[in-house]
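*Asks:* Spelled out from the first residue to the last, the chains are:
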Amino acid sequence: MAEPVVLAEELTKDYATGIVAVHALRGVSLTVAPGEMVAIMGPSGSGKTTLLNLLGCVDLPSDGRYWLDGRDVSSLQDSALSRIRNERIGFVFQTFNLLPRLTALENVRLPLLYAHNRVPQDAPARALERVGLADRGHHRPNQLSGGQQQRVAIARALVLDPAVILADEPTGNLDSRSGEEIILLFQELNREGATMLIVTHDLQVANHASRIVQMRDGRITGDEPVTDRLDARDVLAEMPAPEVEPAKEAEP
Amino acid sequence: MKFWSSILTGISELLAHKLRSLLTMLGVIFGIASVIAMVSIGAGARQEALEQIRLMGVNVIQINRRALSGDLALEAQRESPQGVTYGDAKAIGELYDAAERVVPVCRVFGEVRHNGTAIPAKVLGTTPDYSRVNRLALASGRFVDDGDIERHAQVCVIGSEVKRAAFFLEDAVGKNLRIGTQEFQVIGVLEERRVQAGSSLLSLPDVNEDIYMPITVAMDDFQIYVEQAIPVDISGFIQLLAKLFDRPPLDQRPITQIIVQVPDESQTWEAARVAARILERRHKAIPDHEIVIPAELLRQSQRTHRIFSIVMGAIASISLLVGGIGIMNIMLATVTQRAREIGIRRCVGASRSDIARQFLLEALVITSIGGILGIFLGIEMATLISQYAGWHTIVSGQAVLLSLVVAVVTGVIFGLYPAMRAAGIQPMEALRAE
Ligand SMILES: Nc1ncnc2c1ncn2[C@@H]1O[C@H](COP(=O)(O)OP(=O)(O)O)[C@@H](O)[C@H]1O
Ligand SMILES: [Mg+2]
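Residue numbers (this note's numbering), protein chains in the order written: chain A, 1 to 252; chain B, 1001 to 1434.
For the record, the hints were derived by calculation from the structure and aren't laboratory data. For each residue, glycine too, the CB sits at the ideal point set by N, CA and C. Don't take every hint at face value.
These stretches of chain A come out as covered by chain B in the derived footprint (C-beta under 8 angstroms, 3 or more residues) [stated by the list, open to error]:
id : region
1  : 48 to 60
2  : 90 to 102
3  : 107 to 117
Bound conformation, chain A alone (with noise of 0.2 angstroms):
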């Protein structure tokens, strides 16, 4: 097996809320592999959006070591890890969070601007045209539906190519057509080679990763392979047509 892009040993997070520490990590140890696309599974609370976080370095674990593509980032200060979350990590949030003021093509280049080495300067536009949205850049997010918004985040998270892509209930607020779509695009962009991991609690959605981690109350239950794995290319062939396109596409 290659060298895993992700390898977190005994990951524990602890909040002090008030009185109370809520444990919401209680020691997880995760390993994946390039090219993998893991789904994470578990009830509300059950601490999968911590975890992304933690493997996103966007928070540091109370106790425990990760290894981002071999390199330990347990320890390290917030300009390296926000170096990394630049370079090395996509992430693709539930509720998209584009910045409502910039044009969907000036989100796609967010990035950009915290980037330490050159980018080609049609990074933003490449990535766009990835995600089909080539002809939409110059529209807020507001005129575009939310799929679109989802494609332009998917978009902004694959610009500057990051390690592995993390994903937080990336089809919870679509309709169930848009959400095929976007899992179809991530399988492509798996096929291509990325690494993925999908938090969901849509067994349905999982069922299109390569593989399941069940989580409960902060620890990992269960983690296997999908043996029958769905194809999105067959699951949106077997969807009713699209009565129309959503309504929110304005012409620029």
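Since the structure of chain A is provided, determine the placement of chain B with the ligands on it from the hints.
*Replies:* Just chain B with the ligands now, kept in the frame of chain A:
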């Protein structure tokens, strides 16, 4: 994050809330305007002092003829009908040993003409020392000398403006000018002198429009017994009258001004006291003269300027403080409002210092734009002050630079805390909060 994209973000934030931005800037605008006004007044005052020192020095006093009215005028008729006289000047020179130079000046009211065209000029009769006290420099020829005075020579020295008006580019020396009813030969032309400080408080002569002649000639032929300028048509008549009357002896001829120069500024008060005592005795206590101490005027003027500067400085400090607090307040509010934006930026790779820098730069954009608007307002204020207070103000590049520095420093001081608050926002909590 790159500097320019932070600036652009800051500007687009400002444009997204135009009214709010303008209100936020007001304090800085007024503060910076006050800084400009303060510095400009200070620079004007400094220049005024330098001008006084350059043009005349501060080691002089002036005794000016003063017109009286009512009962005092009647009493003056009786006791001291001539007012300030040539004899007074001589007496001061003899009795006051410390005086370095005593210069009598007699204003001549007569029309100046050349080839029939009237030339605007102020004509003074005086002695050679006048050019030394006033530090006059000659462009050509010479000044009135003792021989001219002795001989009552009909010669004159003209200022550069008079020369230009009468002779334009021609050489003036040796040519004639008509003053009143008489012909005068030009013996010298003064160098042009630029007077920059136009303060009405100081008594700096504008020599460019002056004409000087020997004091003896002025007293002989243009003797005046009244203060006001006499209209052209009757001046000849008055002169005729003066000639018809027996001329009083030289010492009793009225003059307009006596300038007393002492070795050092510190002696001006003493000079004024001595001169006052001498004149009091000679004029039988009639207050037909006033004594001006330019050094004292200058000091008063400087003091007024300084007080004004302090007031402006106080306004500037208060405005900047209030404006700065306003900016801090708004910035703190935006930090909370924009927590999600901060979270997003942090997730895509912004470090805490990137975020801090962005918010600090936004504060700096506010104060800099406010500062630039303030500079324009300040220049306007300085102009108004010049117009209404008659003060000389100088808006220098340094003042503008200083204002910009003050604006930037204000931005840093009041933007730093909000910037640190922005940097301290936990990205995931910001994104969790819906
Ligand atoms: N910032 C925080 N402060 C306090 N408690 C938190 C914080 N973030 C998460 N938690 C708690 O940690 C636990 C796990 O949360 P989370 O990782 O968001 O779960 P999931 O994403 O699986 O729903 C929950 O009990 C949640 O209330
Ligand atoms: Mg969650």
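*Asks:* Failing hints, ascending?
*Replies:* none
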